[in-house]
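Enquirer: Sequence:
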Amino acid sequence: MSKKVDRGEFNLKQILNNLNSINFYLLLFFLVIYYRFSKSFVYESLLHLTPGRLEKLDFLPVHVSPTGLDSLTVYVTLFICAIIFAFFYNFSKGNLNQSTYNFRVQIFALVCFSPILSYFVLQILWLLQTDSSWDFEIYFMDESVGWILTNQWPFDLGLNDTRWDFYKTGLFNSVRVVIASIILSTILGIIIGVLRLSRNKLLSNLAKAYVDLFRNLPLILQLLLILVWFVTTLEPFREVQDNNLLEWIYWSNRGFVFPKVVIQNMTYFLVGLGILLSFRVYLRYVERISLEVETSDLSSTSRDTLSQFKEKINSLILRPFNFLDRKLEPVIPDVLFLFSVLSFTFGIFRILEWNYSFSVGGIFDREPYSLFVFSLITLFYSLKMSASLEQAGLNSFTENSSPDAINRKFRLTIAIVLVSLIFFYLSIAVTQPNLITEKDGEVLGWGQWKFEDGTYEQVSSVFINLMLGLTFYTAAQIAEVVRGSIQSLPRGQIEAAISIGLTPYQRLNLIILPQALRSMIPSLTNQYLNCWKNSSLALLVGFSDFYFILTTIVNNAGHAVPIFIIILLTYQSGSLLISAVMNNINRSVTKKEKKEF
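The sequence shown begins at 354 in my numbering and counts up by one.
Since the hints were derived computationally from the structure, they do not count as laboratory data. Computed from a predicted model, the values in this text were never measured in an experiment. A couple of the hints might just be wrong.
[What the hints assert, rightly or not] Simulated pairs of lysine-lysine, DSSO-like, Cα-Cα distance not exceeding 30 Å: (1) 665 <-> 680; (2) 737 <-> 680; (3) 886 <-> 521; (4) 886 <-> 561; (5) 803 <-> 792; (6) 803 <-> 613; (7) 762 <-> 521; (8) 680 <-> 613; (9) 521 <-> 803; (10) 737 <-> 665; (11) 521 <-> 613; (12) 762 <-> 737; (13) 886 <-> 737.
Whole structure, please, built from the sequences with the hints as guidance.
Expert: Dropping the structure here:
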């Protein structure tokens, strides 16, 4: 029988025994290190609280006396260390439920980092008061730039345009080169990854050589090599007359020139797009399986009140039409997706300042960004609604494989596509590039040659350089992801596919890749994020992305701190957007099959 100890009695041996899994001396060593580390941060934080130090904190009724600053620093630091020790002691007893444990871990982390956080906040207030370079006002972004941007498609910027306009152009340049690189690198990476597992030794060794070369070669060096290849391989601009395809496409070491395509009638364009999207809604409605899915019992005692409340709020937001028929409810997000895509298309063309004959009234006519932002929010909301319905088992589809049904669907698809193409044809105008080599009857030198404004679109060589560099480098990483995901599949899956007589292409398309996709998507997300961040190397090849433009603004106008905060927020927003999209895809791929009731 163990001796019962009074709870009010301080027993050091009992405390040490409760620290069963944590070495007491290691904890003591950690507290000593933490004390020495945090003491300086506590001192600087208390120094900022002395009278007259920070004007923005003069309203505080209590200030720190400069004479007792050293002793107060010791007391505050020891108090924080005592709280940390109390947390460790409480954790060691192990009698906490999961929710309480998670909450106390968050409080523990907040206490540990409180000296650094307080110093960080107070130091920023001090720098805002004393250092002009820490002025967070971004009024300077509304001023004119005073220099010309080379890669500004599809915008037309001049010396009098604001820095915000240049940032908008640079952001669009970054987005388009990253999207193109992600698409191309995914296609190339899947091909290379599959070829690495080919039984053909030549193809397998070539794929392995590609991966070893581009994966281990630094991206900066790859960009430089591609740049040298462009300069030495493509003909100079003075020979552009001889380098063309039927005088519709020209190429030189400056890039490629294509015909000008303008949406001259946005009404017809949106009608054609709306027909295709409406056909999508119709097909999903016809092929959707109507299942009677049992709703979860929110009154179950196995879940707490907070979980029930969250589930009710989630159902209210993501399934506001759950009173409708099981087959009719999923149509609502499909229709919402249709209108959001149409408004998004219209809004993005408004921002890009394309010329077309279409107008709307109200706030959208005065502020083109309003429609774009509204449609973007609606688009994501419709996708979240569809994902919620998929989790509930209401977005399951089947296809009638009878010959009559397949022929009927094929004829209907051809008819819908042809009607949409007619509207697209009526909405656009194509202009042949016009190379000006003469002026007033005089032949101009090749240095004065130029294409007539409004007759061409140019893809610059630096854009192709950066896109190819990102594509080749990212594709090598994706190829290894694909190879590893395929090799992780059970051998029995492939043997079963062979036993039922599937061709190698059918095995790859129907069995291997769909199953490998489950383990492939998380790694692909990392590669896409790396591609987005690696686009900052556009500075090396002279491509005008937003990082290149903002660093140039810092060199010309100063204000480094707010500029780099804009850079940080831009990269962070892009990374979060890519992660959100890939997480939704991963959730739809790895979701568990719902039981039919």
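Enquirer: Each of the hints needs a verdict: does it hold here or not?
Expert: Hints versus structure:
no. : hint        : in the structure
1   : 665 <-> 680 : holds (22 Å)
2   : 737 <-> 680 : holds (18 Å)
3   : 886 <-> 521 : holds (18 Å)
4   : 886 <-> 561 : holds (26 Å)
5   : 803 <-> 792 : holds (11 Å)
6   : 803 <-> 613 : holds (15 Å)
7   : 762 <-> 521 : violated (43 Å)
8   : 680 <-> 613 : violated (45 Å)
9   : 521 <-> 803 : holds (26 Å)
10  : 737 <-> 665 : holds (16 Å)
11  : 521 <-> 613 : holds (22 Å)
12  : 762 <-> 737 : holds (29 Å)
13  : 886 <-> 737 : holds (27 Å)
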